[in-house]
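Q: Sequence:
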Amino acid sequence: MLRLPAIKCKKGMRKDPNDPISFLCAWLALVPQALCIVYATLIWSSREAEVALMFAGQLGCEAVNFILKRIIKEERPPKIQITGKGYGMPSSHAQFVAFWAVSLTLFLLVRHRPSAKTHRFRRRDNGGGAGVVKGNGQWVTAADVERYAHRPWSMLERAAASLVALVLAGLVAWSRVYLCYHTGKQVMVGSLAGALTAVAWFVITAVARQVGLLAWAVDQPVARWFRVRDLVVGEDLCQAGWEKWEDQVFAAEQAKKK
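Residue numbers (our numbering): 176 to 433.
FYI, nobody ran anything at the bench for these hints, they're computed from the structure.
Since this is a predicted model, take the numbers as computed values, not measurements.
Note that beta-carbon positions come from the ideal geometry of N, C-alpha and C, so glycine has one too.
Hints may be right or wrong, so weigh each one.
Claimed, not checked - Computed list of lysine-lysine pairs in DSBU-like fashion (alpha-carbon distance at most 35 Å, straight line):
#, residue 1, residue 2
1, Lys431, Lys419
2, Lys360, Lys248
3, Lys432, Lys419
4, Lys244, Lys419
Said to hold, decoys possible - Have a look at the derived ranges for each label pair, beta carbon to beta carbon:
#, residue 1, residue 2, range
5, Val424, Ala383, 34 to 40 Å
6, Gly387, Glu249, 41 to 47 Å
7, Gln429, Val374, 47 to 53 Å
8, Phe241, Gln429, 56 to 62 Å
9, Ile247, Trp202, 25 to 31 Å
10, Ile247, Ala209, 26 to 32 Å
11, Gln208, Glu249, 22 to 28 Å
12, Ala383, Ala334, 22 to 28 Å
With the hints as constraints, model all of the structure from the sequences given.
A: Structure below.
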């Protein structure tokens, strides 16, 4: 059976400015708020359906936590003093970051399939900025101009990013025990609930894609008005933006020659 290491909570430790670990843990407690800002920023800037769906699942995970706490009704550790409000089982912080980390991992390793073969660029030299095209105006592959291009992440790189997310989630969960806001059992149950909710939501969204429900939704007038799209699953957004920029620069250079 997996057990968290026993951590002693000292009275007033959370307010001790000389304890660097508690100071770090206090910052880790802000990770969910930071992720909400990231969600909102990405949704507004990219208009990606996948990001919006992940955030919707995140809100659903919070609702699950709200219900579980009121069903289980387990109090927080007795040494929490007056700073911890509400029930402690399961930990909402642990559940939040577990959902985010597992959802991101499932997206990067299972759903996200960008193809490097579709990334094509026109070559530009480093001299006066004139456009250079390989073979009488033909497109050249990303392999030919790799030093000018952003390539999609490899599976190894996506696995590394997933590992970082999972480690961060683990640190946030551990910090709740260190600061005495939760017991080890409470954060473990929270992490498990978040992970299971993420898997369930991933399956639901996969079915929605398969039956065409998502395609129907993004084609509705409201979604079209907000320019909602579903590209990130099969396309690297940085790559797509780079390609459009290269097209514009190339067109401008060609126009100057006329």
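Q: Confirm or reject each hint.
A: Structure-based check of each hint:
no. : hint                           : verdict
1   : Lys431 with Lys419             : holds (19 Å)
2   : Lys360 with Lys248             : holds (14 Å)
3   : Lys432 with Lys419             : holds (20 Å)
4   : Lys244 with Lys419             : violated (49 Å)
5   : Val424 with Ala383: 34 to 40 Å : holds (38 Å)
6   : Gly387 with Glu249: 41 to 47 Å : holds (43 Å)
7   : Gln429 with Val374: 47 to 53 Å : holds (50 Å)
8   : Phe241 with Gln429: 56 to 62 Å : holds (58 Å)
9   : Ile247 with Trp202: 25 to 31 Å : holds (28 Å)
10  : Ile247 with Ala209: 26 to 32 Å : holds (28 Å)
11  : Gln208 with Glu249: 22 to 28 Å : holds (24 Å)
12  : Ala383 with Ala334: 22 to 28 Å : holds (26 Å)
Of the hints listed earlier, the one the structure fails to meet is number 4.
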